[in-house]
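In order, the protein sequence lines correspond to chains Z and V.
All residue numbers for the first sequence refer to the UniProt record's numbering, where the first residue is 1 and numbers rise by one.
All residue numbers for the second sequence refer to the UniProt record's numbering, where the first residue is 1 and numbers rise by one.
Quick caveat, the hints were computed from the structure, so don't treat them as lab data.
Just so you know, not all the hints are guaranteed correct.
Claimed, not checked - In silico EDC-like cross-links for lysine to aspartate or glutamate, where the CA-CA straight-line distance does not exceed 16 Å:
| id | chain 1 | residue 1 | chain 2 | residue 2 |
| --- | --- | --- | --- | --- |
| 1 | Z | Lys33 | Z | Asp64 |
| 2 | Z | Lys69 | Z | Asp30 |
| 3 | V | Lys261 | Z | Asp173 |
| 4 | Z | Lys56 | Z | Glu72 |
| 5 | V | Lys261 | Z | Glu197 |
| 6 | Z | Lys323 | Z | Glu335 |
| 7 | V | Lys122 | Z | Asp268 |
| 8 | V | Lys261 | Z | Glu198 |
| 9 | Z | Lys386 | Z | Asp157 |
| 10 | Z | Lys70 | Z | Asp30 |
| 11 | Z | Lys246 | V | Glu128 |
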Amino acid sequence: MFNRRRILLWGAASAVLPGLCASVPAWAEDSVKIGLILPMTGGQASTGKQIDNAIKLYMQQKGDTVAGKKIEIILKDDAAVPDNTKRLAQELIVNDKVNFIAGFGVTPAALAAAPLATQAKIPEVVMAAGTSIITERSPYIVRTSFTLAQSSTIIGDWAVKNGIKKVATLTSDYAPGNDALTFFKQHFTAGGGEIVEEVKVPLANPDFAPFLQRMKDAKPDAMFVFVPAGQGGNFMKQYAERGLDKSGIKVIGPGDVMDDDLLNNMGDAALGAVTAHLYSAAHPSAMNKDFVAAYKKAYGNRPGFMAVSGYDGIHLIYEALKKTGGATDGDKLIEAMKGMKWESPRGPVSIDPETRDIVQNIYIRKVEKVDGELYNVEFATFEAVKDSGKTKK
Amino acid sequence: MASILTNLFDGVAYGMLLFVLACGLAVTLGLMNFVNLAHGAFAMAGGYICAVLVNNSGWPFFAGLPLAFVGSAAIGVALERTLYRHLYRRSHLDQVLFSIGLVFMSVAAVDYIMGSSRVFIKLPAALEGQINLFGVGIGRYRLMIVVICGLLTLALQLILAKTRFGSRLRAAVDDPRAAIGLGINVPQVFAFTFAFGCGLAGLGGALSAEILGLDPYFPLKFMIYFLIVVTVGGSSSITGPFLASLLLGIADVAGKYYVPKVGPFVIYTVMIVILLWRPNGLFGRTAAR
Chain Z
1 MFNRRRILLW GAASAVLPGL CASVPAWAED SVKIGLILPM TGGQASTGKQ IDNAIKLYMQ
61 QKGDTVAGKK IEIILKDDAA VPDNTKRLAQ ELIVNDKVNF IAGFGVTPAA LAAAPLATQA
121 KIPEVVMAAG TSIITERSPY IVRTSFTLAQ SSTIIGDWAV KNGIKKVATL TSDYAPGNDA
181 LTFFKQHFTA GGGEIVEEVK VPLANPDFAP FLQRMKDAKP DAMFVFVPAG QGGNFMKQYA
241 ERGLDKSGIK VIGPGDVMDD DLLNNMGDAA LGAVTAHLYS AAHPSAMNKD FVAAYKKAYG
301 NRPGFMAVSG YDGIHLIYEA LKKTGGATDG DKLIEAMKGM KWESPRGPVS IDPETRDIVQ
361 NIYIRKVEKV DGELYNVEFA TFEAVKDSGK TKK
Chain V
1 MASILTNLFD GVAYGMLLFV LACGLAVTLG LMNFVNLAHG AFAMAGGYIC AVLVNNSGWP
61 FFAGLPLAFV GSAAIGVALE RTLYRHLYRR SHLDQVLFSI GLVFMSVAAV DYIMGSSRVF
121 IKLPAALEGQ INLFGVGIGR YRLMIVVICG LLTLALQLIL AKTRFGSRLR AAVDDPRAAI
181 GLGINVPQVF AFTFAFGCGL AGLGGALSAE ILGLDPYFPL KFMIYFLIVV TVGGSSSITG
241 PFLASLLLGI ADVAGKYYVP KVGPFVIYTV MIVILLWRPN GLFGRTAAR
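Input sequences plus hints: build the corresponding full structure.
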């Protein structure tokens, strides 16, 4: 079947063909390819689905041509496993010759792709992962999501100013949880607050009972909570079961626990929880109302903060291409993205020209019932918050 | 003092839950000598059956529970008759590979059909909150778990020790050839036992959704806990896994409460110490076969 001559012929052809393509660059010039790497299966799949949905929605609304170029999305599923991310990024860059890599559900995935972005000199647009260090790992990384420092420091400041003196913390024991804890502690204790109890919950923890009992016995004014999105519902239910809501221990934290995606399933236990975050589906701007309505119409549920990060991520790519007149040179695109300002469904945002990280408003919100559904209702705004994980240096 | 008792109660409830989830595995692994790592998949099936009935079709929670049992048992029978029985005589490695493959298929199938986000079963209001008994906080839901699981354990023990079916099962396990010679339909007894184990897992899955969470990765996430219960308890009786579950549940809760920094490792430490002391588990006998 496979005689030696045929193999040789194929070998020769595959060696020559890429060379041919490279010598005729006009072929690739009509389209811009974006390699989108997201967790579409596995525990982080809701992140991937939200971002993918939001990008599709944006492209329906704004069309798929920018500056004369057709935008082509190549979606790959890495299931949030960094080894997959690296392999997929490599395939996208080498075989598909993408002009951008984008997506990245978790920090290790974003980090795994960073050296490839540097090597290939193409922008890596991070739309989800939230630890501070990410943008420092490659001069080609731009982020449109958030950092945990942004929301955790703000809730720390807010808590001390609003009569919360003693806080017990319950955070998941992995990088984002530890980030959230460190930044919260710094700001909360600097303002005169006291941490009365600190518990780190293992990531694969089935039952919160003993940890919650410890929280209850420490009798704090509030508990600071960060658990990965999926566990938020279980946590809130057990919090209510143990009567912590009735003993007056409030839940505060960065808004990941109260993601719009999960909020409605948590039940009334979540009522009254105060969190600081970049986005709520209840954000009262006209632009957001349109965004939520369009998203609901297309996908049947409301968008969460991951959806808005994806929506802004593709917007940034569109605007950068407009600015370069369709040129896909990585350095020019990154230059174009630096300092870019726009109005997002979450409010005004911009890209910090020094750190390439997003600068955005952080809102303090409280879970309330609106039209029979639970929403994070915003009641205070901290404007143009930078990532304090980097600005402190 | 009150918090000690609350913790003790939480530990007992957690242990009971582990027992119902794992005792089916003790039966297949210990009594039938079949390594069924897909046990958690039946627990997940029960959880999703109950969730769909209660959340989507409006069934009351207490009607969902027996159906979780029946549904998982039915899936168990179907798979036992079509797939599992071909593997009884194969090596343990084949059984492990087959059942772990089944786990991955169930994960993918549930992810595809039900979506990957976590599912919560709507509970009746009567099961929410805590009862305060002399200062000891007792969760209503956990109390229900203790009652249901306690009754189940008693019933299981009675069935195995006192009924005709129990003696047939024990005979079929101890010496299948002699049992066949005495006119016992061994394949039928095994099929029934397997289905019963799957049903228990399904009931456990439905009960655990509230406390452990229910998503398509359930069978993989909790496989380790099932195996710990069975190895520590020894797999030749029901009492062994029962006491092991209680011990592990209490140790786990106490460890996480009193020494939260190392709490998650307490359960593994207990396992290692017990296995060093009694390599066949607390109540294990040295294998007769």
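Each hint, compared with the structure:
no.	hint	verdict
1	Z:Lys33 - Z:Asp64	holds, 11 Å
2	Z:Lys69 - Z:Asp30	holds, 5 Å
3	V:Lys261 - Z:Asp173	holds, 10 Å
4	Z:Lys56 - Z:Glu72	holds, 11 Å
5	V:Lys261 - Z:Glu197	holds, 12 Å
6	Z:Lys323 - Z:Glu335	holds, 10 Å
7	V:Lys122 - Z:Asp268	holds, 12 Å
8	V:Lys261 - Z:Glu198	holds, 9 Å
9	Z:Lys386 - Z:Asp157	holds, 15 Å
10	Z:Lys70 - Z:Asp30	holds, 6 Å
11	Z:Lys246 - V:Glu128	holds, 13 Å
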